[in-house]
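Going down the list, the sequences are from chains A and B. With this note's numbering, letter number 51 in the first sequence gets 51, and the count goes up by one each step, no holes. With this note's numbering, letter number 89 in the second sequence gets 89, and the count goes up by one each step, no holes.
Because the hints were derived from the structure by calculation, they are not lab data. Incorrect hints may have been included.
[What the hints assert, rightly or not] With a straight-line cut-off of 30 Å between C-alpha atoms, the simulated DSSO-like cross-links for lysine-lysine are: (1) Lys9(B) x Lys71(B); (2) Lys79(A) x Lys71(B); (3) Lys2(A) x Lys83(B); (4) Lys45(A) x Lys9(B).
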Amino acid sequence: RKEVEQDPGPFNVPEGATVAFNCTYSNSASQSFFWYRQDCRKEPKLLMSVYSSGNEDGRFTAQLNRASQYISLLIRDSKLSDSATYLCVVSREGNKLVFGAGTILRVKS
Amino acid sequence: DGGITQSPKYLFRKEGQNVTLSCEQNLNHDAMYWYRQDPGQGLRLIYYSQIVNDFQKGDIAEGYSVSREKKESFPLTVTSAQKNPTAFYLCASSTNRLRSSEQYFGPGTRLTVT
Numbered sequence: 001r002k003e004v005e006q007d008p009g010p011f012n013v014p015e016g017a018t019v020a021f022n023c024t025y026s027n028s029a030s031q032s033f034f035w036y037r038q039d040c041r042k043e044p045k046l047l048m049s050v051y052s053s054g055n056e057d058g059r060f061t062a063q064l065n066r067a068s069q070y071i072s073l074l075i076r077d078s079k080l081s082d083s084a085t086y087l088c089v090v091s092r093e094g095n096k097l098v099f100g101a102g103t104i105l106r107v108k109s
Numbered sequence: 001d002g003g004i005t006q007s008p009k010y011l012f013r014k015e016g017q018n019v020t021l022s023c024e025q026n027l028n029h030d031a032m033y034w035y036r037q038d039p040g041q042g043l044r045l046i047y048y049s050q051i052v053n054d055f056q057k058g059d060i061a062e063g064y065s066v067s068r069e070k071k072e073s074f075p076l077t078v079t080s081a082q083k084n085p086t087a088f089y090l091c092a093s094s095t096n097r098l099r100s101s102e103q104y105f106g107p108g109t110r111l112t113v114t
């Protein structure tokens, strides 16, 4: 079983749509959780950290369910510029992170 | 501007040659990391360093070597022993070496070995 699992997609949505991505992780001892965004042939960039209480940053909302070992990312009012691959990232022992393979989002006009 | 630089952006080598990828950061971060990314796969950790003059193997260290002589620099050597060296190589750094914290990435180096 992979340490972090994501639906690879692609998710094809129209502009203005709401879209949600999910991610499951296997290590119950993980303490830190993140969503990164990666554009084609570029480096990953931190989108947001995920806190136990959930957090929101503009159109983006992240949720963590420790009991189910599940993380979600909700994007409201999708823009063309949101098209990218979204990486779910979970901490490991020490100062290491484990990256999911990513979910592809395509927003179309 | 603070950031992480990697050079070169593209690198082409013949099989059997060693090649060194550069990674420099001016963020004053303690920890630095090397990952490789292959199509359709998540990033895989090659080596990491939490402090100068110390580094640890990641999940796929075979065929690679690193050094950490300065806080700012963490070069990666891809040796001829690495079976499938063609990949996108990403260097990252983070502030806190004692617990997991977000990592920031350089622009990456695309290595092609033929």
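Taking the hints in turn, this is what the structure says about them:
{"no.": "1", "hint": "Lys9(B) x Lys71(B)", "in the structure": "22 Å, holds"}
{"no.": "2", "hint": "Lys79(A) x Lys71(B)", "in the structure": "39 Å, violated"}
{"no.": "3", "hint": "Lys2(A) x Lys83(B)", "in the structure": "23 Å, holds"}
{"no.": "4", "hint": "Lys45(A) x Lys9(B)", "in the structure": "17 Å, holds"}
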